[in-house]
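Visitor: Okay, here's what each chain looks like letter by letter:
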Amino acid sequence: MESLNIFIKSIFIDNMVFAYFFGMCSYIAVSKSVKTAMGLGLAVIFVMTITVPLNWLLNEYVLKGGALSWISPEMANVDLSFLSFIIFIAVIASFVQLVEMVVEKFAPGLYNQLGIFLPLIAVNCAIMGGSLFMQERDFTNLGQAASYGLGSGIGWWLAIIMMAAIREKVTYSQIPAPLKGAGITFIITGLMGIAFMTFLGIQL
Amino acid sequence: MNKNSNSYIIIYSTVMVVIVALVLAFASLSLQPIQKANQDNETKGAILMSIGQGMDAEKAKDKTAYINEEYAKYIIESFAVDSKGNKVEGADAFALLGSLKDEYAKPENERVLPVFVGKKDSGEKLYILPLWGSGLWGPLWGYLALESDMTTIYGAVFDHKGETPGLGAEITTAAFQNQFKGKSIFNGNEIVGISVLKGAGSSADNPNAVDAISGGTITSRGVQNMIISNLQGYAGFIEKTKSEDVVSSPQDEDQANLTDESTPDLPVIEDQSLTVRENE
Amino acid sequence: MSKKDKEPLFSAKNRKLLLGPLSASNPVVVQILGICSALAVTAKLQPAFVMAISVTVVTAFSNLIMSLLRNSIPSRIRIIVQLVVIAFLVILVDQVLKAYVYDVSKQLSVFVGLIITNCIIMGRVEAFALGNKPWPAFLDGVGNGAGYGLILIIVAIFRELLGAGTLWGYQVIPASFYDAGYSNNGLMLLPPMALIIVGIIIWVHRSWKKDLQEK
Numbered sequence: 001m002e003s004l005n006i007f008i009k010s011i012f013i014d015n016m017v018f019a020y021f022f023g024m025c026s027y028i029a030v031s032k033s034v035k036t037a038m039g040l041g042l043a044v045i046f047v048m049t050i051t052v053p054l055n056w057l058l059n060e061y062v063l064k065g066g067a068l069s070w071i072s073p074e075m076a077n078v079d080l081s082f083l084s085f086i087i088f089i090a091v092i093a094s095f096v097q098l099v100e101m102v103v104e105k106f107a108p109g110l111y112n113q114l115g116i117f118l119p120l121i122a123v124n125c126a127i128m129g130g131s132l133f134m135q136e137r138d139f140t141n142l143g144q145a146a147s148y149g150l151g152s153g154i155g156w157w158l159a160i161i162m163m164a165a166i167r168e169k170v171t172y173s174q175i176p177a178p179l180k181g182a183g184i185t186f187i188i189t190g191l192m193g194i195a196f197m198t199f200l201g202i203q204l
Numbered sequence: 205m206n207k208n209s210n211s212y213i214i215i216y217s218t219v220m221v222v223i224v225a226l227v228l229a230f231a232s233l234s235l236q237p238i239q240k241a242n243q244d245n246e247t248k249g250a251i252l253m254s255i256g257q258g259m260d261a262e263k264a265k266d267k268t269a270y271i272n273e274e275y276a277k278y279i280i281e282s283f284a285v286d287s288k289g290n291k292v293e294g295a296d297a298f299a300l301l302g303s304l305k306d307e308y309a310k311p312e313n314e315r316v317l318p319v320f321v322g323k324k325d326s327g328e329k330l331y332i333l334p335l336w337g338s339g340l341w342g343p344l345w346g347y348l349a350l351e352s353d354m355t356t357i358y359g360a361v362f363d364h365k366g367e368t369p370g371l372g373a374e375i376t377t378a379a380f381q382n383q384f385k386g387k388s389i390f391n392g393n394e395i396v397g398i399s400v401l402k403g404a405g406s407s408a409d410n411p412n413a414v415d416a417i418s419g420g421t422i423t424s425r426g427v428q429n430m431i432i433s434n435l436q437g438y439a440g441f442i443e444k445t446k447s448e449d450v451v452s453s454p455q456d457e458d459q460a461n462l463t464d465e466s467t468p469d470l471p472v473i474e475d476q477s478l479t480v481r482e483n484e
Numbered sequence: 485m486s487k488k489d490k491e492p493l494f495s496a497k498n499r500k501l502l503l504g505p506l507s508a509s510n511p512v513v514v515q516i517l518g519i520c521s522a523l524a525v526t527a528k529l530q531p532a533f534v535m536a537i538s539v540t541v542v543t544a545f546s547n548l549i550m551s552l553l554r555n556s557i558p559s560r561i562r563i564i565v566q567l568v569v570i571a572f573l574v575i576l577v578d579q580v581l582k583a584y585v586y587d588v589s590k591q592l593s594v595f596v597g598l599i600i601t602n603c604i605i606m607g608r609v610e611a612f613a614l615g616n617k618p619w620p621a622f623l624d625g626v627g628n629g630a631g632y633g634l635i636l637i638i639v640a641i642f643r644e645l646l647g648a649g650t651l652w653g654y655q656v657i658p659a660s661f662y663d664a665g666y667s668n669n670g671l672m673l674l675p676p677m678a679l680i681i682v683g684i685i686i687w688v689h690r691s692w693k694k695d696l697q698e699k
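Protein chains in written order, with this note's numbering: chain P, 1 to 204; chain F, 205 to 484; chain Z, 485 to 699.
These are computed hints drawn from the structure, not numbers from a lab.
If you're wondering where the values come from, they're calculated on a predicted model, not measured in any experiment.
Incorrect hints may appear among the rest.
[To be verified] In the DSS-like style, the derived pairs of lysine-lysine whose C-alpha atoms are separated by at most 27 Å in a straight line are:
1. F:Lys365 <-> P:Lys64
2. F:Lys240 <-> F:Lys263
3. Z:Lys590 <-> F:Lys305
4. F:Lys263 <-> F:Lys385
5. Z:Lys693 <-> P:Lys32
6. P:Lys180 <-> Z:Lys590
7. F:Lys263 <-> Z:Lys590
8. F:Lys329 <-> F:Lys277
9. Z:Lys500 <-> Z:Lys694
10. F:Lys324 <-> F:Lys402
11. F:Lys291 <-> F:Lys444
12. F:Lys207 <-> Z:Lys617
13. F:Lys267 <-> Z:Lys590
14. F:Lys444 <-> P:Lys105
15. F:Lys365 <-> Z:Lys500
16. F:Lys265 <-> F:Lys288
17. F:Lys365 <-> F:Lys385
18. P:Lys169 <-> Z:Lys617
19. P:Lys32 <-> Z:Lys590
20. F:Lys323 <-> F:Lys265
21. Z:Lys694 <-> Z:Lys497
22. P:Lys64 <-> F:Lys310
23. Z:Lys497 <-> P:Lys180
24. Z:Lys590 <-> F:Lys240
25. F:Lys240 <-> P:Lys64
26. Z:Lys590 <-> P:Lys64
27. F:Lys265 <-> F:Lys324
28. Z:Lys590 <-> F:Lys265
29. Z:Lys500 <-> Z:Lys617
30. F:Lys277 <-> F:Lys323
31. F:Lys263 <-> P:Lys64
[Said to hold, decoys possible] Simulated DEER-style distance windows between Cβ atoms:
32. Z:Tyr586 <-> F:Ile280: 24 to 34 Å
33. F:Asn382 <-> P:Phe199: 31 to 41 Å
34. F:Ala379 <-> P:Glu136: 26 to 36 Å
35. Z:Leu671 <-> P:Lys169: 22 to 32 Å
36. P:Pro176 <-> F:Ile215: 54 to 64 Å
37. P:Ser72 <-> Z:Lys497: 27 to 37 Å
38. F:Glu312 <-> P:Glu136: 21 to 31 Å
39. F:Tyr212 <-> P:Leu200: 50 to 60 Å
Don't be surprised by glycine CBs; every beta carbon is placed ideally from N, CA and C.
Okay, chain P solo, but in the shape it has when bound (with noise of 0.2 Å):
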């Protein structure tokens, strides 16, 4: 039940990209078309699912003030956590990396749509915000942690397939000339991120 609480919250209320702005740098040089932003967004689903847990592990048995206490009590004052950046930051890189790879060999079709947009993931901020939020909100067991990868990543490509279609559409509008291009997605996003807060206060 925490869980789904959890997995609906981040996509809608705690919206990585209307909350938070994270990932706002490809947000806003990928949405251009459906079709990209679509690519982008499942990649990053994929990507988040996975790096999540896989921190929420690290960070639950090695990192965590105590969390070596496993290996034997002596360790049980370690304090690792100075390292989780460097940590969380290194997993998502080589996973990324390894997807690329892992996905050129055995699915070339899937790396023609999806794989040149895995480079652009490591540096998203949405990534490394999953798991660093993942860390500050201490979450109790594995489940959470999975169902909070999951909702954020689904969040975001929720954002950037409805900002894409919207500017889509936004090409043969009549903007003013100095706000074309970033300046009206910046506000377009603003104006979003003001009705996703009605969903403020859901709770399940």
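Dock chains F and Z against chain P, hints included.
Guide: Here is chains F and Z on its own, set in the frame of chain P:
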């Protein structure tokens, strides 16, 4: 040397990882005492604030020394209690503050919760109960100081991880926290906590309620839920201390009145809440 | 190192590296980089300022270090080396913030960690530091960090002033305004308004610099 040969890459990355790890470990170890002191200061400062002490920390020349001095002066005892209100031997109340979340995750009868005992300038005891709950975006926590009758709130402080600035985050302001002074956590013999009601002024003559923050409904509700659910965890301790209090001072009412005189800054409402309790 | 060339430390070219990112090639409003985490800390001026300083320090030093290392890095592990250097600097910054400005570091929470994935830093290392000498690379880092910080601070000033009536935590809108019926606009403090303010800044900036307008 060929920069793309495997051996070069391996040596390169090993050297880099070793250097990075050494520098980081050194930085982390050398800064840790200051960071720990910051955290302890913050916790002690919040505990003191709930009983209205240690308010000049920002003005103090040496903040750490000031807080520690005040803490030693006004916090006379700390211990941990189980769900029946019995003291647990060997538990460190201060260390327990860091793991409140884990304690609340346990079944009620296994919980060990910290209690701090402070005193007023007049020497009268105050019981400070740490609180832990969740708001809109993340955890909320705070300290609730009760008079020795275990009914009237002497003071309260709240803090949060990431509530919306200007809205939910207003729970940290004195304006919100001062409302709790003199309110009662009991309605009759039942622990009801404090309702956080919508609308300014709507709680004026209700001893069990305060005004919510406009625009911060979910955070306000979080505070309300946190208080009642945490107080239920302390129910055993509260009941026990309350009955001891009555036994040890048969003229309970006199003492309560004395309390009033020694703290003239409390709102008049305290009288009402006490009468409510006495009548029922 | 750059000591060998005759070029003065602040030659015209270097000054351009330092000052260009403040407006003409501003990383946020022109290159649309690094918006990611940053706007979430702009509800108040103080955290925005600390964030701006932190990002500038990290960009400047990651550029410097990567430029020093540029001839020895094996190209196959380039990206991961960059990430390690950046993460290393960010951890240092985080530890220092926690030790010396504890209150602000609490407000910044996860956003300090997110400096790692701030596209400006990776972008500048990749585009500039790897192909330039250390001193210009350092200036480029400072310039880009400052250009980013500038936008952060502008946004924070608007949001804090209109949303809470304060600046740096001090009340600036006099009480007489409130008595006359003025009230703070709570909407300004909510996340979406940061985006809308950036949108407006872009609008103003591009009306002024017409060559930046998109077709």
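Visitor: Next step is simple, just say for each hint if it's right about the structure.
Guide: Here is how each hint holds up against the structure:
This hinted pair checks out: lysine 365 of chain F and lysine 64 of chain P have alpha carbons roughly 19 Å apart, not beyond 27 Å. With a C-alpha separation of about 21 Å, the suggested pairing of lysine 240 of chain F with lysine 263 of chain F holds against the 27 Å cut-off. Only pairs whose Cα atoms come within 27 Å are accepted, and lysine 590 of chain Z paired with lysine 305 of chain F is accepted, the gap being roughly 19 Å. Taking the CA atoms of lysine 263 of chain F and lysine 385 of chain F, the gap is near 25 Å; set against the 27 Å cutoff, the hint holds.
The suggested pairing of lysine 693 of chain Z with lysine 32 of chain P holds, with an alpha-carbon distance near 24 Å, which does not exceed 27 Å. Taking the CA atoms of lysine 180 of chain P and lysine 590 of chain Z, the gap is near 37 Å; set against the 27 Å cutoff, the hint is violated. Taken as a hint, the lysine 263 of chain F and lysine 590 of chain Z pair is honoured in the structure, with Cα atoms around 21 Å apart against an allowance of 27 Å. Taken as a hint, the lysine 329 of chain F and lysine 277 of chain F pair is honoured in the structure, with Cα atoms around 13 Å apart against an allowance of 27 Å.
With a CA separation close to 20 Å, the supplied pair lysine 500 of chain Z and lysine 694 of chain Z stays within the 27 Å bound. In summary, the hint linking lysine 324 of chain F to lysine 402 of chain F is not supported, as the alpha carbons are separated by about 32 Å, beyond the 27 Å threshold. This hinted pair checks out: lysine 291 of chain F and lysine 444 of chain F have alpha carbons roughly 11 Å apart, not beyond 27 Å. Restraint check for lysine 207 of chain F and lysine 617 of chain Z: satisfied, since their Cα atoms lie roughly 20 Å apart, inside the 27 Å limit.
Taking the CA atoms of lysine 267 of chain F and lysine 590 of chain Z, the gap is near 18 Å; set against the 27 Å cutoff, the hint holds. Straight-line distance between C-alpha atoms of lysine 444 of chain F and lysine 105 of chain P comes to about 70 Å, which puts the hinted pair past the 27 Å bound. Restraint check for lysine 365 of chain F and lysine 500 of chain Z: the C-alpha separation of about 41 Å exceeds 27 Å, so the hint is violated. Straight-line distance between C-alpha atoms of lysine 265 of chain F and lysine 288 of chain F comes to about 43 Å, which puts the hinted pair past the 27 Å bound.
As the CA atoms of lysine 365 of chain F and lysine 385 of chain F are separated by approximately 24 Å, the hinted pair is consistent with the 27 Å bound. As the CA atoms of lysine 169 of chain P and lysine 617 of chain Z are separated by approximately 45 Å, the hinted pair breaks the 27 Å bound. Taken as a hint, the lysine 32 of chain P and lysine 590 of chain Z pair is broken in the structure, with Cα atoms around 37 Å apart against an allowance of 27 Å. Distance check on the hinted pair: lysine 323 of chain F and lysine 265 of chain F sit about 25 Å apart at the alpha-carbon level, within 27 Å; holds.
Distance check on the hinted pair: lysine 694 of chain Z and lysine 497 of chain Z sit about 24 Å apart at the alpha-carbon level, within 27 Å; holds. Using a Cα cut-off of 27 Å, the hinted pair lysine 64 of chain P and lysine 310 of chain F holds, with the two alpha carbons roughly 20 Å apart. Taken as a hint, the lysine 497 of chain Z and lysine 180 of chain P pair is broken in the structure, with Cα atoms around 31 Å apart against an allowance of 27 Å. For the given pair, lysine 590 of chain Z sits about 14 Å from lysine 240 of chain F by alpha-carbon distance, which is consistent with the 27 Å threshold.
Between lysine 240 of chain F and lysine 64 of chain P, the direct Cα distance comes to roughly 15 Å. Compliance with the 27 Å bound is thereby established for this hinted pair. Restraint check for lysine 590 of chain Z and lysine 64 of chain P: the C-alpha separation of about 18 Å stays at or below 27 Å, so the hint holds. Taken as a hint, the lysine 265 of chain F and lysine 324 of chain F pair is honoured in the structure, with Cα atoms around 24 Å apart against an allowance of 27 Å. With a C-alpha separation of about 22 Å, the suggested pairing of lysine 590 of chain Z with lysine 265 of chain F holds against the 27 Å cut-off.
Using a Cα cut-off of 27 Å, the hinted pair lysine 500 of chain Z and lysine 617 of chain Z holds, with the two alpha carbons roughly 15 Å apart. For the suggested pair lysine 277 of chain F and lysine 323 of chain F, the alpha carbons sit about 9 Å apart, so the restraint of at most 27 Å is met. Restraint check: the Cα-Cα separation between lysine 263 of chain F and lysine 64 of chain P comes to about 35 Å, which exceeds 27 Å; the hinted pair is violated. At roughly 27 Å, the beta-carbon separation of tyrosine 586 of chain Z and isoleucine 280 of chain F lies within the given 24 to 34 Å, and the hint holds.
In this structure, asparagine 382 of chain F and phenylalanine 199 of chain P meet the distance hint of 31 to 41 Å, their C-beta atoms being roughly 33 Å apart. Between alanine 379 of chain F and glutamate 136 of chain P, the C-beta spacing of about 28 Å keeps the proposed range 26 to 36 Å intact. Roughly 26 Å separates the CB atoms of leucine 671 of chain Z and lysine 169 of chain P, a value that falls within the hinted 22 to 32 Å. In this structure the supplied range 54 to 64 Å holds for proline 176 of chain P paired with isoleucine 215 of chain F, their Cβ-Cβ distance being about 57 Å.
A hinted range of 27 to 37 Å for the beta carbons of serine 72 of chain P and lysine 497 of chain Z is inconsistent with their spacing of about 58 Å. At roughly 27 Å, the beta-carbon separation of glutamate 312 of chain F and glutamate 136 of chain P lies within the given 21 to 31 Å, and the hint holds. The hinted range of 50 to 60 Å is satisfied by tyrosine 212 of chain F and leucine 200 of chain P, whose Cβ atoms lie roughly 54 Å apart.
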